[in-house]
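Enquirer: Listed here are the chains, written in short residue letters.
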Amino acid sequence: MKRIEAIIKPFKLDEVKNELQAIGISGMTITEVKGHGRQKGHKEIYRGAEYTVDLIAKTKLELVVPVSLVERVVQAIMKSARTGKIGDGKIFVMPIDDVIRIRTGESGDEAI
Amino acid sequence: MTVNVPAAGESACTADGRALARALTDRTDGTVIAIAQGLDGRVRLKWCMAAVGGYGRRALCPHSDIDLLLLVDRRASLQETEKALQALLYPLWDKGFTVGYSVRTVKQALRDSRDDFFFRTALLDARYLCGSMELFDGLVHGRAKESHFRDMRKFLEFLEAHIAKRHARYGDASYILEPDIKEGNGSLRDYHCVQWIFKAASLNPKAGPVASCLSDEDRAEIDEAAGNLLGIRFLLHEVAGRKTDRLSFEYQRPLAERLGYRGNGNETAAELLMRGFHCAALTVKSISGSLRSQLAVDFGLGKRGSCPTGPDFRHVNGLISFVDPGSIAVRPELLMDIFVLQSGLGGVLSSHARNVVRGSLDLVDASRHTDSLKKGFIRTLMGRHCLEALTAMLETGMLERFIPEFTTIRGRTQVDVYHTWTVDLHSVRTVHELSLLGQEVPEIFGLVRDRDALHLAAFLHDIGKGYGRPHAVIGASMARDMAVRLGFTEKNADLVAFLVHHHLLLPDIAYRRDLSEEKVALECARIARDEQTLAMLYLLSLADSRATGPRAWDDWKAMLLRELFTKSLNSLQRGVLRDPNTMIVLEERWSGLIREVQGGRLWVLPQAYVIHTETGLIKRHLRLSSGITSLDDISLDTLDRGGHTRIAVITRDRPGLFASLAGIFAMNHLTIVSAQVFTWLDGIAVDTFHVIPPWDDYAHWDRVKDHFKAACAGKLDIARGVAETKPLRKESAMTSSWQPRVAVDNAFSDFYTLIEVRSPGRFGLLYRMAREISSLGLDIHRAFLSHTGDPCTDVFYVVDELGEKITDKGMIAKIEQGIVHALT
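So the sequences go chain by chain: A and B.
Residue numbering for the first sequence follows numbering that gives the first Met the number 0, beginning at 0 and increasing consecutively.
Residue numbering for the second sequence follows numbering that gives the first Met the number 0, beginning at 0 and increasing consecutively.
If we strip away everything but chain A, and leave its shape as in the complex, we get:
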């Protein structure tokens, strides 16, 4: 099992969700986050005054999938979150030791 974490542009969320649904992934955690990587913040000039926006609004997706699905999930996110411009985000893939569904006690792939 792997945990896939993707940071994407907020307006891409619907597309990414649709793409993941199309390959049968429906469970995920979505968080509104702020941060920056290579894409620096920007300056906003408003009525002569300058505001520096250091952190940029992004959306974070987290999902846990069986190893066999990792490649397809990553491809799906890449395809749907890409604009080709800076700030498209990153995908992190991490190992997961186990998953347990609290209600039933099932574990492993069954509990995803």
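Calculated from the structure, these hints are not laboratory results.
Since no wrong hints were added, every one of them can be taken at face value.
As a list, the in silico DSSO-like pairs of lysine-lysine whose alpha-carbon atoms are at most 27 Å apart: (1) A:K84 - B:K813; (2) A:K33 - B:K556; (3) B:K804 - A:K59; (4) B:K94 - B:K45; (5) A:K84 - B:K804; (6) B:K725 - B:K714; (7) A:K84 - B:K808; (8) B:K708 - B:K725.
Small disclaimer: the values here were computed from a predicted structure and weren't measured.
Fit chain B to the supplied structure of chain A, relying on the hints for placement.
Expert: Same frame as chain A, but now just chain B:
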């Protein structure tokens, strides 16, 4: 347990909670008394069993706690008491009751009630069940003698403190979408408070006037409303199968079905249930609230002092009342003026004043169209305390009577994860948030002249809800009619309608579109048309979101909305849209294009291109561009304008394109006078040059085309070609004598870095400049060149290869030096 529920009526389906609870209480009494009577003969002590709390009030619901007080004689031994308790509790537990109990002597009970306010109210509800009547009488008589029961002022003070805490924690049950039936404002607990006040007052002969604070009608109304709430709580326990007092979404539908509600086309059964619930809670809230504020004045609680109010009203200790209610018949505007006063100064209406307003509503029908009422309403919308005033208008029925369209959204539920309040209160809260924003962001409010239009739009933005169609569209036409009726000019009525129609525009764009695209900000600015309207839409979005609930609004969303607003505003203030005439031209061109161009390719056109190109020419370019697929496809569209020629070059965009074209023109002795360079959103470049041909009747355009194709194929070295081309005329020494000036500007556009170059006119100048820009890795998106005189002024809109503006200081210096170097 089975319950008889009244048959489904057309609108209100209620269960008589009092009857249900009383029946359950009686059955429970039977069980408890039977068990308690078994004590006699088994224990040697004098005892009395009393029901307290909700059980004492005969208000049991299926999963309520059974609160018992076991009074014992002061001589009772610990051992005997324990034995008695076990004999009582074990059978009750076995029967599945949740029992709350205490064992006290009469003296202990009276003493403990001194410090524990909740125990004191529990004793007010005490009811004899069985056992020694003498002990129970001792409690009743002791209550009447104890000062903490008799001191009405202290009692009210404690009560108010607890109520304030409870309301803050559970919110307003009369508007919240998932309300707490027992603890919220307007809930059963507020009804209990009224009952306690009367019970406490009955212990004190001097508190006589308390009872007269509530009219018989109010008394009957609050009893009935609380009965409905109790009925809903009773059935909620049954439906949920456990003790729960929060009417959450999951239970609303089964409960509505249980009560016999049937959905209609516009509202589901659950929505109808909640509308009925909110109205009942509102009744409890209003009547209990004004009783308490009246008592607060009578007993001198809270802040004292009066406000200047003019001859018609009194504003004493925060309580507003009419000086002469009789004059309302001849001056119905007083009905509105009292809310104008409240909106300006704050405070609450006295219970008498509320009843006067409610009793005089028929006068509103005849006077709705008078100027003084219309103006008064607008002033109420704009006041600092508009939340209190509009809520009071809502609760007295004044709002619905003055604006009949409001009836549809009255108490209306909206089932989604975002909304916290019903539509009516959400509307009122939006106006309130707007008045707060007036203090928080005065600089944005400064852009708004027609503030009355903004406040009215905030109040009416959801007025179209409940008609089944997109609510913004239908709401806009309703809002327009209302604005006209309220005396707005046609122009401002249109503005109100526009704001209502587009109140979701900014959030829709901000969360769903790429804000780094210039097109997005320009589209937003184009719809808003001017700074004032854009600022109004922004303020309306902020107020609407903040009034929706905590899940609809946070920092993250604020950030995106602000970015969209700032970028759109900048394009109106400084960018291509700053001239109001431009906006008119743009509107005409777009509507012409939408009418005349089929095939759906219009989305590729950037706003800046449309602004700078006539409709006929745009259509021509669209036609010519349809054949451009590979990199060496090129279309040259020339037009002799007498003295100079206009050439439109249409091809696929690529790095260095502009430099190549400038170079090829130079090699062909075509002097560039001006140029406009645009990149369409599908990657087609449309570069329009005005050139002076070397001689009249110049006709070698094919040579230009061949050069271009050769360059594409890598068979033409443009740099060498330009270097080897001799100018046809000798350049004058004077014009080339001064240093070019280059300025890099990041403030003008939110999307591009501007490079402005002023230089003496020279052969091949444009080529060298463009090549330098390309070799620095910059992408020219747009350029405006004017080479008609000396100096030449050129503006290039550029970004780096990642599409970002150039902000690095070192890079900016490199650009400036590089261009100066290339030109000298």
